[in-house]
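The whole structure should be built from the sequences, with the hints applied where relevant.
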Amino acid sequence: MQVYLPIADLPVNIFLVLGMGLAVGFISGMFGIGGGFLMTPLLIFIGIPPAVSVASVASHIAASSFTGALTYWRRRAIDVSLALMLLSAGIIGTATGVWLFTMLRALDQLDLVIGVSYVTLLTVVGGLMINESVRAELRARRGMPATLRRPGSHNWVHGLPLKMRFKRSKIYVSAIPVWGIGFIIGFVGAIMGIGGGFLLVPMLIYFLRVPTATVIGTSMVLTLITMASATVMHAVTNHLVDAILALVLMAGGVVGAQFGVHTGHKIRPERLRLMLGLLVFAVGVRFAYELVVTPDDLYSLRHVSSE
Amino acid sequence: MIARIALVCALMLAAPAAQAERLVVSLSNARVAVTSNFVGENLVLFGTVQPDPGRDLLGAYDLVVTVTGPRETLRTRRKGRVLGIFVNVDSREFVRVPSYLAILTDRPVGEIAALAILRRLQVGMDNFILTQRVGADFADTVSDDPFRTAFVRLKRQQNLYSQSDKAVTFLTPTVFRASVPVPANAPTGLYGVDVKLFANGAMTARTTTTFAVTKAGVEQYVAEAAQDNGLLYGLATMSMALAIGWLASVAFRRD
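Listed in order, the protein sequences are those of chains W and L. Under this note's numbering, the first residue of the first sequence carries the number 1, and numbering increases by one thereafter. Under this note's numbering, the first residue of the second sequence carries the number 1, and numbering increases by one thereafter.
It is worth saying that the hints were derived from the structure and are not from the lab. Incorrect hints may have been included.
What the hints assert, rightly or not - If we take Cβ atoms under 7 Å as the criterion, some of the chain W residues that face chain L in the derived model are:
| hint | residue |
| --- | --- |
| 1 | L112 |
| 2 | W179 |
| 3 | S300 |
Glycine included, each C-beta is placed from N, C-alpha and C at the ideal position.
Now the structure itself:
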């Protein structure tokens, strides 16, 4: 069944978009990520203009992460104070990112910068996650405790001043790395048009030693707030949020996310991290392939203005 | 008196002595409504020729219908390999070109008139002027210019540019119909229909008409809200996201 999208200005198969929403929602619920780095390329692939895709996906992610966050809230798996600390620095990061975004567009090389940053970020983060989770898996096989939280195993991050206690996560860390991570997520999100959940989860685990139990719920709260405000910002500045497209994506996304959350709880954390690592790495390789392989068509059109 | 004679002479010269034929056309629909189930449409253009009495009618006429959509400016970019990866290395801006262009004829354009005439009247895809910005200048290039070829090819792939020599049918020697394809991704706005009548390789009559592609119903409502009330629209979309998120978490609550 075809439905015409009023802002994207083209008809799409409603079941195809619903299916995409379900699939990405499932993944986002399972790993506690927004899934923007999967959904945006998928929409562009079926012909939706990139700008409309980025703007509409923001609202879809807001819906998915809200339903996920509510579920985690009931499980008492959200560290509100940690989320608020991350958010305060994230806003500054977003502003800096938007400024750089505008500058790069003036230089006409934004596409390249986005492509290269996707490849670098996804392959490096994916690779690190695979490496770490395989080691954890091997340790578990040898009968050692799989978790990284050993008493006294503090890294350099824990030596920094301005220490704060985050009760829900049972960690006692400096505010500096928390702000740093928040800033990076906000910055990268603005440049690449993603929520940044797939970056946030591993950073919280590796740098702050946030336990897997609270890391996903906390990440979801952050994603929810950034994506909800991104929706409003996109609607005000570019008028490119397609409400009909967003509605179809959301309907699939929230249902998928519910199943994802339940499935995620049945899988061991180390294995979950390995799966996410493989997924992130695969998407990175896919982007790299696109940059290196001769495209089918060397030419492309870009809309400048209408009258 | 002399002035009056001069006026009469001028009127006689201006009178349609060279243009003996008259052309009357009508579209099946003056407005294409883009609703939520819009998947494209075919408009039908009907027309008759009021012939010149002296002409042998059988197979005398050829018809060229040129439909142009709202103008837009596009950039055609070419990728090249730089340090192992493909990046946009060159681009050309196409200024105020039609977003939609359909050239409908009753037989191949080359058989209708001589090339010089086709060029002057912009008949056919190769002869239609697509202005490019080349440095500080604005000009159309030769029809086999690589950027122009790529531009037309990409537009054809999107079903926005087309040329068909079977789209016009003469039902009788003086009555014709043409079908104008309006694809699902046709931009909204006013479309111009330029109808040219040819006889013996020369244009003998010309007329124009228009039709509009507009959004209707929910589509129109959403598009206008997004454009005119950005903040309200954004807040409404965000609330919708939160409502759906909450609804799903309640509906699927298992604990």
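Okay, the hints, checked on the actual structure:
| no. | hint | in the structure |
| --- | --- | --- |
| 1 | L112 | holds, 5 Å |
| 2 | W179 | violated, 26 Å |
| 3 | S300 | holds, 5 Å |
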